[in-house]
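**Q** Okay, here's what each chain looks like letter by letter:
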Amino acid sequence: QKEVEQNSGPLSVPEGAIASLNCTYSDRVSQSFFWYRQYSGKSPELIMSIYSNGDKEDGRFTAQLNKASQYVSLLIRDSQPSDSATYLCAVKYSGAGSYQLTFGKGTKLSVIP
Amino acid sequence: GAVVSQHPSRVICKSGTSVKIECRSLDFQATTMFWYRQFPKKSLMLMATSNEGSKATYEQGVEKDKFLINHASLTLSTLTVTSAHPEDSSFYICSAGQGPETQYFGPGTRLLVL
Numbered sequence: 001q002k003e004v005e006q007n008s009g010p011l012s013v014p015e016g017a018i019a020s021l022n023c024t025y026s027d028r029v030s031q032s033f034f035w036y037r038q039y040s041g042k043s044p045e046l047i048m049s050i051y052s053n054g055d056k057e058d059g060r061f062t063a064q065l066n067k068a069s070q071y072v073s074l075l076i077r078d079s080q081p082s083d084s085a086t087y088l089c090a091v092k093y094s095g096a097g098s099y100q101l102t103f104g105k106g107t108k109l110s111v112i113p
Numbered sequence: 001g002a003v004v005s006q007h008p009s010r011v012i013c014k015s016g017t018s019v020k021i022e023c024r025s026l027d028f029q030a031t032t033m034f035w036y037r038q039f040p041k042k043s044l045m046l047m048a049t050s051n052e053g054s055k056a057t058y059e060q061g062v063e064k065d066k067f068l069i070n071h072a073s074l075t076l077s078t079l080t081v082t083s084a085h086p087e088d089s090s091f092y093i094c095s096a097g098q099g100p101e102t103q104y105f106g107p108g109t110r111l112l113v114l
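Chains as they are written, first to last, in our numbering: chain S, 1 to 113; chain C, 1 to 114.
Derived by calculation from the structure, the hints in this document are not laboratory data.
Every value quoted in this text rests on a predicted model; they were computed, and no experiment measured them.
Incorrect hints may appear among the rest.
Said to hold, decoys possible - Okay, derived cross-link-like pairs now, SDA-like style, lysine to any residue, Cα gap no bigger than 20 Å in a straight line:
id : chain 1 : residue 1 : chain 2 : residue 2
1  : S       : Lys-42    : C       : Phe-39
2  : S       : Lys-108   : S       : Gln-31
3  : S       : Lys-42    : C       : Lys-41
4  : S       : Lys-105   : C       : Pro-8
5  : S       : Lys-105   : C       : Arg-10
Stated by the list, open to error - Partial chain S-side listing against chain C, Cβ under 7 Å, derived:
id : residue
6  : Ser-32
7  : Lys-92
8  : Gly-95
9  : Tyr-99
10 : Phe-103
11 : Lys-105
12 : Ser-110
Claimed, not checked - Sample of chain S residues with no beta-carbon within 10 Å of chain C, all distances over it, derived:
id : residue
13 : Lys-42
14 : Ser-49
15 : Ser-52
16 : Leu-75
17 : Asp-78
Every residue, glycine too, gets a C-beta built ideally from N, C-alpha and C.
Given the sequences, and given the hints that come with them, work out the whole structure.
**A** Structure, rendered in structure tokens:
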């Protein structure tokens, strides 16, 4: 069974610090990885996608992928209270239908002012 | 990013009635749309994959006769909750596939069955 694992948290960081969110997946041949942010009572919003090993930066967000370790992470620099949300890791497994993603259960992030 | 809309955003209905939820991709065509359900403080649960012009593919444990899905065009998929009961009260979210395997989510529909 394909799985995406995340620490449910909550992860608390002070404002201005770096928040590090981690995710592991079970299928070694997966090629597409996504991070979504979900505010309470709202639907998920795409933050980052990453397809190859290494780092991908977009503003304060950096996604890191290590396929050998089956590990993907999201770093949030200069964390703000508005970053407080649940962050969902999603993986497209090989053999899955077009666009079909497997989601982790999410990590709740709390940024303390 | 691509825009996906849902209607209604919130609905309250009596037990035993049916409720239809629409999901539209506003600025792109989506051959594949997904329907999720999320209970409070729980993770997303994929209910079914909706394919334009063909039958939906339901996840294990989801009753296809209770949750009717129609994907009649490349921009519209509907989910009908038939004979709704209080245990069907949940947050229903659709998403549509666009670009390199990316899913974009609609704003969700909150259903309350009395």
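**Q** All the hints need checking, so say for each whether the structure fits it.
**A** Checked hints:
With a C-alpha separation of about 12 Å, the suggested pair S:Lys-42 and C:Phe-39 falls inside the 20 Å cut-off, and the hint holds. About 25 Å separates the Cα atoms of S:Lys-108 and S:Gln-31, which puts this hinted pair outside 20 Å; it is violated. Our distance criterion of 20 Å between C-alpha atoms is met by S:Lys-42 and C:Lys-41, whose separation comes to about 12 Å. A hinted pair counts as satisfied when its Cα atoms are at most 20 Å apart, and S:Lys-105 with C:Pro-8 does not qualify at roughly 26 Å.
For the given pair, S:Lys-105 sits about 24 Å from C:Arg-10 by alpha-carbon distance, which is inconsistent with the 20 Å threshold. The restraint placing S:Ser-32 at the interface with chain C holds, with a minimum CB-CB distance near 5 Å, inside the 7 Å limit. Annotation: S:Lys-92 was flagged as interfacial toward chain C, and the flag holds, the nearest CB pair being 5 Å apart, inside 7 Å. The interface hint given for S:Gly-95 is broken, as the beta carbon of that residue sits about 13 Å from the closest beta carbon of chain C, more than 7 Å.
A distance limit of 7 Å between C-beta atoms decides the matter here; for S:Tyr-99 the minimum to chain C is near 3 Å, and the interface restraint holds. At its closest, the beta carbon of S:Phe-103 sits 5 Å from a beta carbon of chain C; the interface hint therefore holds under the 7 Å criterion. A least Cβ separation of about 4 Å between S:Lys-105 and chain C falls short of the 7 Å threshold, and the interface hint therefore holds. Because the smallest distance between the Cβ of S:Ser-110 and any Cβ of chain C comes to about 14 Å, over 7 Å, the interface hint for this residue is violated.
Separation of S:Lys-42 from chain C is inadequate, the least Cβ-Cβ distance of about 7 Å not exceeding the 10 Å criterion. Distance check on S:Ser-49: its Cβ comes as close as 6 Å (rounded) to a Cβ of chain C, failing to clear the 10 Å threshold; non-interface status is violated. Distance check on S:Ser-52: its Cβ is at least 12 Å (rounded) from any Cβ of chain C, clearing the 10 Å threshold; non-interface status holds. The Cβ of S:Leu-75 sits about 21 Å from the closest Cβ of chain C, beyond the 10 Å cut-off, so the non-interface label holds.
Residue placement check: S:Asp-78 keeps its beta carbon more than 10 Å from all beta carbons of chain C (closest about 23 Å).
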